[in-house]
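S.K.: With the hints as constraints, model all of the structure from the sequences given.
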Amino acid sequence: MSIAATPVHPSDHPRRRFTGALAVLAQRREYGLLVLVAAIVLFTGLANPAFFSPGNVQDTLVSFVPEAIVSCGMLLVIATGEIDISVGGLMSLLAAMLGLLASPTHANMPVWLVIMLTLLAGIAVGFLNGILVAVAGIPSIIVTLGMYTALPAVTNMLMHGQYVTDVPPALRFWGSGTFLTIPISLWTTAVVALCAMFLAWRTALGRRIFAVGSNPHAARLAGVSIVWTKIFVFTLSGFLVGIATLVTATQLSVIEPGTGQSLALAVVTCVVVGGASISGGRGTIPGALLGVCLLGLVRGVLIFLKLGQHAIYWEHAIQGALILAAVLVDHLASRRLGGEGHA
Amino acid sequence: MTEITKDAPAGQPLIRLVGIAKSYGGVHALSGVNLDLFAGEIHSLCGENGAGKSTLIKTLGGSIKPDRGEIFINGRPTAFSGVRASEAAGIGVIHQELVAFPHLDIPDNIFMGREPRRLAGLYLDRRRMLRESAALLESLGEPLELRRSVGGMSVAQQQMVGIARALSQQCRVLIMDEPTASLSERETATLFRMVRQLRQRGVAILYVSHRMDEIFALSDRISVLRNGAMVGTFARADIDQPQLIRLMVGRELAQAEAPGRRHASTGPVLAVRGLTKAGFYEDISLTVGAGEIVGMAGLIGAGRSDVAKSIFGLIKPDSGDVEFMGAPLPHGSVRQAMRRGMALAPEDRQHAGLVLPMTVEQNLSMAALKSVSPWGITRKKKERALAARMVKDLSVKTAAVTLPARSLSGGNQQKLVLGKWLARTPKLLILDEPTRGVDVGAKAEIYQLIRRLAADGMAVLMISSDLPEVLSLSDRILVMRQGRISGELPAAGATQEDVLKMAMPDAPQVDPATNIITDSPGEEIV
Amino acid sequence: MTATNGMNALHPAGNKNHGTGPAAGPGALKRLASFPWWHEVILAILLICLLTYAGSVAPMFLRPGVQIGLSDRLWNVALLALPMMMIILTGGIDLSVGSTMSLSAVVFALTFTHGAPLWLACVAAVATGLACGFLNGIFVAWVRVHPLIVTLATLAAFRGVAEGISLGRGISGFPPGFQAIAHHNILGLRPEGWLFIAAAAYTAIVLAKAPFGRYLYAIGHNEMAARYSGIPTAKMKLFLYSLSGMAAGAAALFAVARVDTARANLGYGMELKVITAVVFGGVSIFGGRGNIVGVIMGLLLIYETREFISWQWNNDNLISIIIGGLLITSVLLQVALRAGKTAQ
Amino acid sequence: MNNFFVPSNIRPSCRAGLMLLASAALAGTLAIAGCSKSNNATSSAASGKKMYTICLLPKEKDIPYFTSCAAGARAAAKQLGDVKLIYDGPVHGAATKAAAMIHKWTLQGVNVIAVSPNDPDVLAPAMKRALKKGVHVITWDADGLPGTRQYFVNQASARRIGYTLMDTLAKDIGPHPKGPIAIITATLTAANQNAWIHFIKIRLKKYPGLKLVSIQPSHDDQRRAFQITQHLLQAYPNLKGIIAVSSAAFPGAAEAIKQAGQSGKVQITGLSTPDDMRAYVLNGTVKSVILWNTHALGALTIRVAEALASGKLKPGQKTFNAGPLGIKKIVGHQVLLGPLMVFNKKNIGKYHF
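Which chain is which? The protein sequence lines are A, B, C and D, in order. Positions 0 to 342 (numbering that gives the first Met the number 0) are the ones given, in order, by the first sequence. Positions 0 to 525 (numbering that gives the first Met the number 0) are the ones given, in order, by the second sequence. Positions 0 to 343 (numbering that gives the first Met the number 0) are the ones given, in order, by the third sequence. Positions 0 to 352 (numbering that gives the first Met the number 0) are the ones given, in order, by the fourth sequence.
Mixed in with the good hints, there may be bad ones.
Said to hold, decoys possible - Below, a list of computed lysine-lysine pairs in the DSS-like style, where the Cα atoms sit at most 25 Å apart:
1) K305(A) - K257(D)
2) K64(B) - K208(C)
3) K170(D) - K204(D)
4) K257(D) - K170(D)
5) K204(D) - K305(A)
6) K234(C) - K315(B)
7) K369(B) - K380(B)
8) K396(B) - K381(B)
9) K286(D) - K345(D)
10) K132(D) - K49(D)
11) K127(D) - K311(D)
12) K257(D) - K349(D)
13) K83(D) - K48(D)
14) K380(B) - K208(C)
15) K286(D) - K305(A)
16) K127(D) - K83(D)
17) K345(D) - K264(D)
18) K305(A) - K210(D)
19) K305(A) - K177(D)
20) K369(B) - K234(C)
21) K381(B) - K208(C)
22) K200(D) - K170(D)
23) K132(D) - K311(D)
24) K208(C) - K369(B)
25) K305(A) - K200(D)
Don't read these hints as lab results, they were simulated from the structure.
M.R.: Have a look at this one:
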């Protein structure tokens, strides 16, 4: 049984074939997004050439890093038909751990150990989510909503209302250092995205993740372990939050209790705008990354277009409208194509 | 794990089941079932719904562990630890529900769970998957575009992918659970050709179907299950259809295929003129009179269900008129259609017909709830009385009306769907595949019911892919082909061949002995 | 999970076990296991334990005056929980309620400060809520986009519009008569409380006794079957989302009256509070199961827990941790009980 | 068919385990509750000495600025000996939550509520109600509306903060300041920050060469402040200065300037604690950090509250003896803490809070 907005019965929708640009745009959400992102970038760049300066390109890309890394994990979770809204709370917890363990005035542990422990903590929370969802059978939105509520509060209690201001330089290297003049965080993102794409497209496990979301009953009959697949994606999501924390929390000299708290809904939105089906089975990593770019661009674009002091008050309204527009265009295109009528 | 070897000795069965028993919470799904399967035979498994066929199939498929009994493969006792173990032993299952991953492409579907890999299992060997998928589909005579997602394909094409999947496992035993339930006659013919081909290759096929004609056309031997016990196994030549039905049901049945009563029509209840929806159907005109049963035949995908849904208001047509009870009916309004006395029992019982977790009573009152709710408050007593009346009228077999609908057998669920609408005493009843997946006993009861309703003056429009059913029940037969009405026949004197001629794009060759189309050139039906 | 699930094998179509009817058969144990009100009973027991404990360590907390005084923060969540419950029963969700509140509040304040009479401003606020809900409904029911996605988008959009038209300013200084609707008790209860009680009673009757209620459950279990039964699923959804928006508009008025200020950050995070309460009350997040008694118990338990921790320990963080833990635990218990039922 | 709302099927054999897990989780949750030590507001000390319950409400709990104020308050409460201090506030600075807390404390009948109003309009009804119920209400850190409090422990008025921020930035940029400047705030709806920005804009008129080009929110997120600053630096290449009016944005913004290699070229000033900004002041990215002595502010607030509750502070008094903090001036309703402090390279080493 499905709660999808419209249970589509095979014979409920006609299938007609359209060709041409519309068909391409509709079949591959990525192309449509790419066109949109390119248009926004081009428009802003023409209005204000400073937008194209290498410095700004780099800064802008770096600003996408946490959403981009976390969205890779989120996409695979959503591909299995689950959701993980604990990522924001988890990032705040991991950032606090990172800071408190490494800070000379707190635990003062060696940096390698701190990184290991933080990643392990991410994995552990992800694994716990996975167990609660796949073994205990609690709907994932409940499990991760509970985590979403509880984890930031745990972080606050750990931090005692203070920032960690003495993050050791060896740790800060991950957030602010460069390799071949390109920031470490961008390298990391590229590696994570490539690995995730490889996982999704070129490994048996990746195909099974999508199979579980596409038709769990069939997946079980094909001998795919739904329990382990789901535990895996949640664990991976936790691990990627750890990686994202490592390269973003260390970008700044202070670590605050609230790091990344608004991440969860933002990432889910990006992934969905990127073409993933919230009911599972469909979605791609490039699509999710383009979704991150589209929604992340709004903030910078509003500054570069110099629309005046009040423009910034419309940031959320513009983002919301973009999401609705993406959903609507997708829907209209797929309706004309006679495919699935819901995102 | 015991492997089934190709050179199994002639006298020894590939698979032997001895005393298999399985029960759920005190209910015996299987009790002491024995079955032998030999290489190169097509073995039909018959039985009413609930007789234990599914449990037996799942036992062989490894997804159920029997409580008692033994499975011998090539004479060696074996226990399956799961689906994979069964697959490894060479048993492939094509399940009744389409087991496809709609978002994934053909190679993914074929190799899911057993993907060829390289680099220590890390890397998916896509090239090999594509190559082997192409070869498999080629050998089945169904070359398909490999990279398309399976969800966008026709039901028959999906079925082919399922068969390719089973074949890719190099299986020596293939279990097919009602594979033709959603196939058109022509697709069925293709399927049969492939099944026979497999038999020649020495594969043992366990074939499950409710369709008598298929069972007798295809099988070498027939086994009958009743109430979880094996009634017996027979060579095809040793048994005829009435005998088989008797064995399945355990009693004599009223002949299901008795010629239908002919009614004198008293003016049209429904008149459809020039109904068109681009891409679905075109220029449909038909009438149904009071007390008349109009059959609608055609291949799956011919657009029959879409026409029915459009008349009922579930789909909005582009143009054309529907006149009902002497007045035009607005397009796309189910409520108007219902209010004026129309009812539609859809083909997909479980998804469109019933709310399975809700009770029998709640399902029966679903469409007539307002009639038992004066002042907008549902009266428990009235609702129960309504449900009790329908249960009695339709002889629904259920222990209590407060049981969930999903606890009922397929036939009884179908009766619930009918009862839901009959509670409104409609003037026109549209039936879409009223007996699909219904066992013979319930089938006969449903036929009787339809006849009785028509005799009482109800207009009935019946869509069915079961040709004997259409021929025996209908007063008039409409045939649809590729979205158009290709012809009309009076039921009296019409033969299956007449109907098929109109339904097929090109005249097919029909094997008169089996009623099965043996070859069907012509264009692809999308 | 392997397919050795007894449920599944007996009923291949039923991949869920939350039948609305009790399993038949004799045996006290079986009847106990199939007792349909377990969840409500557990919540009630937890509530009694909590109140007993609270009474023993802080007797003042239980005084009626204190309880009614503290109830301010209950009512707006409660008011929104009713339409949210119905939406979740149909298998949908509305994440935009908090944002709708903020937009309604801002529209109310701007209308009022631009010289409109108070009643007109109130009407404008409720109408804004209705329009927001209607927009959600259009997308969910007609365009057929998954409600989670629609309301995720409008969650950002509505608050964004509120920020945009108010430029982040707080608007205050409403007439005392308006403030009174949040501060004056009628027969010992806030007007908002009476509104909730009336709405809850009406909802209870509709859910239990009216065709509309039955249709909600039917849609939640199987929307297609509901549509094929002539239930106007699209219209009902449109109505429910509009109702949710309208309730948010009304809740916004009470919230503005309480603090005498309308600002675009009003109702921030409200959606998750409401959903938590509804789910905590035993409404299945995938639709079709739940009842109003459970939701009220859930609301009360969460609210009493929250207020008691705040009363006794003054620790906002502790509240979040305990509510998060309780949310997971309560559903875990539900699932465990259901598993127990299956095994019988 | 599948989606995240649908739970996996449960094997019956999991039942016992699930039950156990659920019970354990429940027990754990309750244990957390049980372990928290009770500091019931209404209990009085065993010594028999009259105790005053004083509630200190920050704008936002768990940010270093208020944590540091609270430390000063705790020390003062300890010194006084007759004060039971409750320090709690909304974690994310939601003003409605703060109103609910004031309301709750009013019902508990505490002696004094000291409020740092995040949104004076929103808190006004609750504060008035507390006064009406006989609870002393004072404000600290930021003032409330007239008629909602008896005293305001004033470290600086919004006007003074706004003017000082503007003047300091202008001074840091140099003589005859000229060029674009920007403001980074916490959220677009934060009342106190909007008030400061209001006064910054008024003071800006004194510097005709400077032009305010952008006001950007950081959503209480340092990383967001960091990114916004990066964008601002790129979008306005000749940007002269930035005012970070929120301590939840200052370090992030300073880091962006430092990483862009613009230290010294783009001036930044704002409000923050010396501990959080020390590194940037020492490395030259930030010339001046503006704040007051947070410890002293917390302590003075508690002392005023205690004096008010015990009747030591009477209306009309012109001075207030704040013990170790010295004699403080009272002007009207305001108890003045003292001058704003400007931390720079020379003096920042002396302050630790």
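S.K.: Hint by hint, note whether the structure agrees.
M.R.: Against the structure, the hints come out as follows:
1. Under the criterion of a C-alpha separation no larger than 25 Å, the hint pairing K305(A) with K257(D) is consistent with the structure, at around 24 Å.
2. Of the supplied pair hints, the one linking K64(B) and K208(C) is violated, its CA atoms being roughly 44 Å apart against a limit of 25 Å.
3. For the given pair, K170(D) sits about 15 Å from K204(D) by alpha-carbon distance, which is consistent with the 25 Å threshold.
4. Proposed proximity of K257(D) and K170(D) is supported: the alpha carbons are some 20 Å apart, at most 25 Å.
5. Using a Cα cut-off of 25 Å, the hinted pair K204(D) and K305(A) holds, with the two alpha carbons roughly 21 Å apart.
6. Taking the CA atoms of K234(C) and K315(B), the gap is near 16 Å; set against the 25 Å cutoff, the hint holds.
7. Restraint check for K369(B) and K380(B): the C-alpha separation of about 14 Å stays at or below 25 Å, so the hint holds.
8. Using a Cα cut-off of 25 Å, the hinted pair K396(B) and K381(B) holds, with the two alpha carbons roughly 21 Å apart.
9. Our distance criterion of 25 Å between C-alpha atoms is met by K286(D) and K345(D), whose separation comes to about 10 Å.
10. With a C-alpha separation of about 20 Å, the suggested pairing of K132(D) with K49(D) holds against the 25 Å cut-off.
11. A hinted pair counts as satisfied when its Cα atoms are at most 25 Å apart, and K127(D) with K311(D) qualifies at roughly 23 Å.
12. Taking the CA atoms of K257(D) and K349(D), the gap is near 24 Å; set against the 25 Å cutoff, the hint holds.
13. Note on K83(D) and K48(D): the hinted pairing holds, with a Cα-Cα distance of about 12 Å set against a maximum of 25 Å.
14. Restraint check for K380(B) and K208(C): the C-alpha separation of about 12 Å stays at or below 25 Å, so the hint holds.
15. A threshold of 25 Å between alpha carbons decides the hint, and for K286(D) with K305(A) the separation of about 28 Å lies outside it, so the pair is violated.
16. A threshold of 25 Å between alpha carbons decides the hint, and for K127(D) with K83(D) the separation of about 23 Å falls inside it, so the pair holds.
17. With a CA separation close to 20 Å, the supplied pair K345(D) and K264(D) stays within the 25 Å bound.
18. Distance hint between K305(A) and K210(D) is fulfilled; the C-alpha atoms sit about 14 Å from each other, no more than 25 Å.
19. Proximity of K305(A) to K177(D) is assessed by CA-CA distance (about 19 Å); at most 25 Å being required, the pair is judged to hold.
20. For the suggested pair K369(B) and K234(C), the alpha carbons sit about 17 Å apart, so the restraint of at most 25 Å is met.
21. Taking the CA atoms of K381(B) and K208(C), the gap is near 12 Å; set against the 25 Å cutoff, the hint holds.
22. Straight-line distance between C-alpha atoms of K200(D) and K170(D) comes to about 16 Å, which keeps the hinted pair within the 25 Å bound.
23. Note on K132(D) and K311(D): the hinted pairing holds, with a Cα-Cα distance of about 21 Å set against a maximum of 25 Å.
24. At most 25 Å may separate the alpha-carbon atoms for a hinted pair to count; K208(C) and K369(B) meet this at roughly 11 Å.
25. For the suggested pair K305(A) and K200(D), the alpha carbons sit about 19 Å apart, so the restraint of at most 25 Å is met.
The structure is inconsistent with the numbered hints 2 and 15, although it conforms to all the rest.
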